[in-house]
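Trainee: Here is how the chains run, residue by residue.
Protein chains: 2
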Amino acid sequence: MYDGQYCSVARSLEVIGERWSLLILREALLSGTSRFSDFRHNLGIATNVLASRLESLVEAGLMERDDTGNYRLLEPGQDFLHVLMAFGEWGDKWRAPDGPPGVYRHSDCGEPVALVATCAKHGELADDEIHIEPGPGVPPEYIASRRP
Amino acid sequence: MYDGQYCSVARSLEVIGERWSLLILREALLSGTSRFSDFRHNLGIATNVLASRLESLVEAGLMERDDTGNYRLLEPGQDFLHVLMAFGEWGDKWRAPDGPPGVYRHSDCGEPVALVATCAKHGELADDEIHIEPGPGVPPEYIASRRP
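Order-wise, the sequence lines are chains A and B.
Each residue of the first sequence is one higher than the last, beginning at 0 in numbering that gives the first Met the number 0.
Each residue of the second sequence is one higher than the last, beginning at 0 in numbering that gives the first Met the number 0.
Be a bit skeptical, because a hint or two may be false.
[To be verified] Capping the alpha-carbon separation at 25 Å, the derived lysine-lysine pairs in BS3-like fashion look like this:
hint : chain 1 : residue 1 : chain 2 : residue 2
1    : A       : K92       : B       : K120
2    : A       : K120      : B       : K92
3    : B       : K120      : A       : K120
I should point out that these hints are in silico values taken from the structure, not numbers from a laboratory.
Since the structure is predicted, the reported quantities are computational estimates derived from the model, not experimental observations.
Given the sequences, and given the hints that come with them, work out the whole structure.
Mentor: Written out as structure tokens, the structure is:
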């Protein structure tokens, strides 16, 4: 569907497929959920949808089904932590009238952890100090085809 | 659908709805796209789907339709930058055989920009040094209902 898009956001979304997959990753990554019945209980998700989404996550190489029938994250799945944190920070700011439902903390010291956009030379940046430029993975004809 | 979830990821996903919305935000945020026809051209998205997703983004307060009929990001929409960056970093690492299609740079100095999970006291953290704890926005009975 997104084949014509030279964009890492599009390619990531293709793996995720839809919203339940991210919530399944959240369960596995942040709560250590691994049993089918626990995913179902904690997410309130229909059995057939859960089975289908877990299968997709296994096919995409984000999770594996172990000998006991439980689901474990593989490295690409574990690597979704920053995506979950970024979504969480947005929701905490714009959709959390009673305060944040969860707080990320440094396990050693207990201090809060935030995602910071960081310049290799200058450290923390505000959003308006950042732009995106074409990288090696995008062909010139794709850039030329874009509007305006 | 996610009403029973005390989770900022779930609440953010509820706003986004599905994948096209994030790609529309990507167009607006990273490329400055504002015209309906440019969104359609750049995303290769069906007219009716685009109209419906833009309407949802306006209803959710992420964008507005200005006097000229173009679409502009409001602050909650602009705040999706870190979500896009986090997805981009995942895709760059796991789905970019020809190198990253795009590179985030500090506009002042041109150096690359990365999202860094940062402890208020100790600076940059690895993913395995971070955990999530319940915050003020989650009722005790919800925590008690979770498994295992």
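Trainee: Failing hints, ascending?
Mentor: none
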